[in-house]
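So the sequence lines, in the order shown, correspond to chains A and B. Quick note on numbering: the first sequence equals residues 49 to 264 in the working numbering. Quick note on numbering: the second sequence equals residues 19 to 267 in the working numbering.
Source of the hints: derived by calculation from the structure; they are not laboratory data. Predicted model only: the values in this text are computed from it and were never measured. It is possible that part of the hints are untrue.
[To be verified] Covered by chain A, per the in silico footprint, the following chain B stretches (three or more residues, Cβ under 8 angstroms):
{"id": "1", "region": "44-57"}
{"id": "2", "region": "138-150"}
{"id": "3", "region": "249-258"}
[Said to hold, decoys possible] Going by beta-carbon spacing under 10 angstroms, a handful of chain A positions derived as facing chain B:
{"id": "4", "residue": "LEU106"}
{"id": "5", "residue": "ARG140"}
{"id": "6", "residue": "ALA195"}
[To be verified] A few chain B positions that, by computed beta-carbon distances, are all more than 10 angstroms from chain A:
{"id": "7", "residue": "THR120"}
{"id": "8", "residue": "ALA124"}
{"id": "9", "residue": "LEU134"}
{"id": "10", "residue": "THR186"}
{"id": "11", "residue": "LYS200"}
Glycine included, C-beta positions come from ideal geometry on N, C-alpha and C.
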Amino acid sequence: MSAPETSVPSETGVTIDRFSRSSRWVHWLTAIPMIVCILTAAVLYNGQISVIAGHRYLVEQIHVYSGFALPVPLLVGILSRAYRDDARRLNRFTSRDWAWLRSRTRRDGTIEVGKFNAGQKLNAALSAGSIGVLLISGVVMYFTDLAPLSWRSGATFVHDWFALGVGLLVVGHIVMAVKDPYAMAGMRSGRVPLRWARREHGGWAREVAGETGETS
Amino acid sequence: MPGESLTPEAVPDQSDAGRPVGRRVVIGLLGLGTLGIVTGTRAQDAVTSLLAPVQLHDPTGLSGLLPVGNTFRYYSVTGGAPTRDAATYRLSISGLVDHPSTLTLADLQAMPQTELVRDFQCVTGWRVPQVHWSGVRLSTILDRAGVQASGRALRLTSFDGTYTDSLTLDQARLPDVLVATKMLGSDVTHNHGGPVRLYVAPMYGYKSVKWLSGIEVTDTVIPGYWEHRGYDVDGFVGRSNGRSGDERT
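This is chain A alone, in the form it adopts within the complex (with noise of 0.2 angstroms):
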């Protein structure tokens, strides 16, 4: 810990606003039909589960249309400039966050991280663009009237290949979630104990802090 940390007095048990409730909203919205999709999609695409589950066609519509539901509430979420914020500081990539990604002890916290760290900007920038080309793919294959029969089989390959990406990255993104209690607690309550994000986001703690008018 650098130097002016240890100044600000005793910070056991204060805890900070981490995420707003729009973008708590908007994250747990999106997790249901996220979940429902990949739930669905394992039926729809496993032969063995897909034996056992049969009814193709209501798995089928459960499946659609929690995925024209995924992308609603990330953009209604624009409206909320808290959730805007979020979206800005998961877009920028700063010098910072490719050290990061290079450095093989980027967990010891020397290379102070802002609000989310480069993981967590690549994670969802994967995420928001592999649930765009899903949604595309997926309409050329349900609207079977819309495209020429080869568009379909790329569709189908396409569509294929970025639900196993999707569900690689939401498999990480729980395990991560569940190893840190306090982060998870972030997402449910919006508040994170001061300490912890001294620890994993310095720098956005750092701000916050100044914000409160703790000098730093």
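Place chain B on chain A using the hints.
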């Protein structure tokens, strides 16, 4: 920023605005996805041929989980079809025929057999190239039953209890429409719609009724399961479902 490279931790978060890499990643992915869609089957075939040797020599079998495309995907519209074997399988021929009958698997196997090597094409895009099929021509079965003059179409039913489909008599009499008892070099497995399924080579997969249990000659075309849900009744590959001139792949 002076000293940024030396003590990056001293730089406030907002001073280094960075670059919009996130947006570039999103746009890049959208471009990649679109390219994959319009490249269509070529991209799929390229990846398949690239992965084929890997899958062949993969002792773990994990690569089988990869969505490489040119494999069958198992579609069932019900909670599961009952299992039928040589002893319990029955195919009923009914409706506007002179000789209604019920055929066993052995009856079908005793009839003249036809072999085909043709693609299986799903309307949603996936395709299994060069599948080996064998069975009895549907026209043979119709001729033996003696279709009456008023017969115009077939209503095909499945012993899954739900799935139905239709063919006009002209379509049913095409030489590459089989009541298949073998596919992929062995008996039709349960998951593939065995022991007996239909294979309508010139049409999309939804016309190839799995777990075939009934052939009824009717005087009109009665649309089947997926056709009530938007697919064309005449499901010719490349000439239906909104398309007129697609090349058969």
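Here is how each hint holds up against the structure:
Under the rule that three or more residues need a Cβ within less than 8 angstroms of chain A, the assignment of the region 44-57 of chain B holds, with 12 such residues. Remark: the region 138-150 of chain B is confirmed as covered by chain A, as 6 of its residues place a Cβ nearer than 8 angstroms to a Cβ of that chain, reaching the required three. Requiring three or more residues with a Cβ within less than 8 angstroms of a Cβ of chain A, the coverage given for the region 249-258 of chain B holds, as 3 such residues are present. Using the Cβ-Cβ criterion of 10 angstroms, the hint placing LEU106 (chain A) at the interface with chain B is satisfied: the shortest such distance is roughly 9 angstroms.
Taking 10 angstroms as the C-beta contact cut-off toward chain B, the hint placing ARG140 (chain A) at the interface holds, the least distance being around 4 angstroms. The criterion of a C-beta within 10 angstroms of any C-beta in chain B is met by ALA195 (chain A), whose closest approach is roughly 8 angstroms, and the hint holds. For THR120 (chain B), the requirement that its beta carbon stay farther than 10 angstroms from each beta carbon of chain A is met, with the minimum near 26 angstroms. Distance check on ALA124 (chain B): its Cβ is at least 26 angstroms (rounded) from any Cβ of chain A, clearing the 10 angstroms threshold; non-interface status holds.
For LEU134 (chain B), the non-interface assignment is confirmed: its Cβ lies about 21 angstroms from the closest Cβ of chain A, beyond the 10 angstroms cut-off. Residue placement check: THR186 (chain B) keeps its beta carbon more than 10 angstroms from all beta carbons of chain A (closest about 21 angstroms). A cut-off of 10 angstroms between C-beta atoms confirms that LYS200 (chain B) is not in contact with chain A; the least separation is 20 angstroms.
Violated hints: none; the structure is consistent with every hint.
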